[in-house]
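Residue numbers (this note's numbering), protein chains in the order written: chain A, 1174 to 1514; chain B, 1174 to 1514.
Identical chains share a label here; the pair holds if one copy fits it or two copies do between them.
The list that follows gives simulated cross-link-like pairs (lysine-lysine, DSSO-like), each with its CA atoms no further than 27 angstroms apart: (1) Lys1489 <-> Lys1266; (2) Lys1489 <-> Lys1369; (3) Lys1266 <-> Lys1199; (4) Lys1199 <-> Lys1286; (5) Lys1266 <-> Lys1286.
By construction, these hints were calculated from the structure, which means they are not laboratory data.
There are 2 protein chains.
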Amino acid sequence: MTQPVGIAPEGGPSVFCGAVDVGGSKIASALFSESGEMKARTRIPVDAAGGDDAARQVVEAVRSLESAAGDAGGRLAAVGLCVPGIVYSGSGKVWAPNIPGWDRYPLGGKLDKALGERRPRGEGDGTEPVIILESDRSAYVAGEAWRGAAAGAADAVFLAVGTGIGAGILAGGRIVHGAEDIAGAVGWFGLDPAFKPAYAEMGCFEAEASGSSIGRKARDMLRAGRSSLMNELASGVVENVTAEVVAAAVRKGDAAALEVAADAVRYLAMGVANIVSILNPEVVVLGGGLFQSADVFLEPVRREFRLWAQPLAAEKVRIEVSALGEDAGLYGCGRLAWQSL
Amino acid sequence: MTQPVGIAPEGGPSVFCGAVDVGGSKIASALFSESGEMKARTRIPVDAAGGDDAARQVVEAVRSLESAAGDAGGRLAAVGLCVPGIVYSGSGKVWAPNIPGWDRYPLGGKLDKALGERRPRGEGDGTEPVIILESDRSAYVAGEAWRGAAAGAADAVFLAVGTGIGAGILAGGRIVHGAEDIAGAVGWFGLDPAFKPAYAEMGCFEAEASGSSIGRKARDMLRAGRSSLMNELASGVVENVTAEVVAAAVRKGDAAALEVAADAVRYLAMGVANIVSILNPEVVVLGGGLFQSADVFLEPVRREFRLWAQPLAAEKVRIEVSALGEDAGLYGCGRLAWQSL
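Using the sequences and the accompanying hints, generate a full structural model.
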């Protein structure tokens, strides 16, 4: 260790916090100093078997962070851990649809058993790191509010638009969880009174504006015989037309793609506006797969949401694309770990 | 004093908190015990001159509460004070459109000057009550979550539907204020992609579903020649047709009124659903003038919001009409005062 990044109170060992971001396909982990400097990052694939095997990988990740903290002359005081789904705060159970067997899976209990009971601060003997479980979308907003596009904000929302649509909410400096730990289900925003069957499956906003839905709308258009550059861009295979293909065709001025994008932008603008009106955040951070085509979707959403949102809230809010990208979860877990101390 | 309702720690004097609810036309005040028992309530008209005259009435209300607490053998430890509009937490300024001159009016500063500097707990000498300023809608949700329809809930929303539409939000036991103290502006929810000019003035949800808008839609229908019982109920004067008249005609099975109500219910259901999906509250409390016709509007909203909301959040949430009615603000101010100690 050449650069101590932890804090060393009164000459004692440095203190670090750890972050473990469990995604649908990988487990990333890192150590963080109190100021948000990242160290000792690792990344491994999630065991395809899921269940207890994936939980064991999480335990190993925490043990590795303990070792890494020790190697750096310090100790691991707390670990933030996020999962791609929902964390039920009362029970420590998790629901993560992309990990087999993680359907109300008792991850918190498994970690306690493997790592020793993790106690809230002040109740343990000080040698065991506290483990903070959080949903990925809540971690994203915490990360962006620490070192990303919402740095310093106490009121911020991370809106993830990809396969689905969901939001992480920070209000007055605290994560909003809701009564059942499922706050932020904005994919279910009703934005169009003309109800369609798809709304019952995934929610109106998600059915109209997720990356998957944008791809589907484009494919439906092509199948209905509409001529478009999107056909060539997908090498004539309609099944290959995704939101990325729509964005590529928009960049070339394709009329059909512009129509699909404008339709999605209208709903995205309404969704962002509704978030702004109800929560009055300082920043809305846009993330997820769709905003990797930020050149196509960001500016129109920034313009159009003002048509809908409470005017003063609209004037004050910033609409930004994620600054941390794939690292938002790690930073968020690090932040939540530090905040727990 | 025959029934001490305050608490008397270690044999000292009883402690009370006060509540002052400034409305558009009246100032109500009361003392509260820690358990929420109300004492010494008063109610006076707001001075029509507004401005400093109305502020002086507030000062007098606080002084009267101090006297009442003393008469009861105790002291006033804190006062919650709500105004019909917005409280800017940083500056103590208020915006209350129904009180002349209260447009970024420095109410907090005026009270400090008149009553002596009120300091946050622990910083004063313990003899001066702390004053907590809050918006009315935030006070309503705090009150309902104390002794009303959301009693005991840490996650609750008060949705006020009357002349306008707005919400007070409690998340994880704390009021959500937003970055500019204007959270809860749900009257601006975008619920219909077919933008209309009225949306720019007051927001889509408010333009489609406030009590005023329901009355306006009914009047437009009658002026367009639609025959309806509403004409008789308003003694043939179309200008007298309000949301109450619509409700009265619905009770008699009038087709035109049923159409107006069904249209409003669709938007009310979407608005409630959007609140449920983003915040996952335990209870949504419906208040304001419109829900005085709860027999007409409550059950349809309870049924229809499920069509739109995230299914698990919809299953768990309760949708209730305000239990405290006009006293929600007083109870909320009392609660916020106690919570400040």
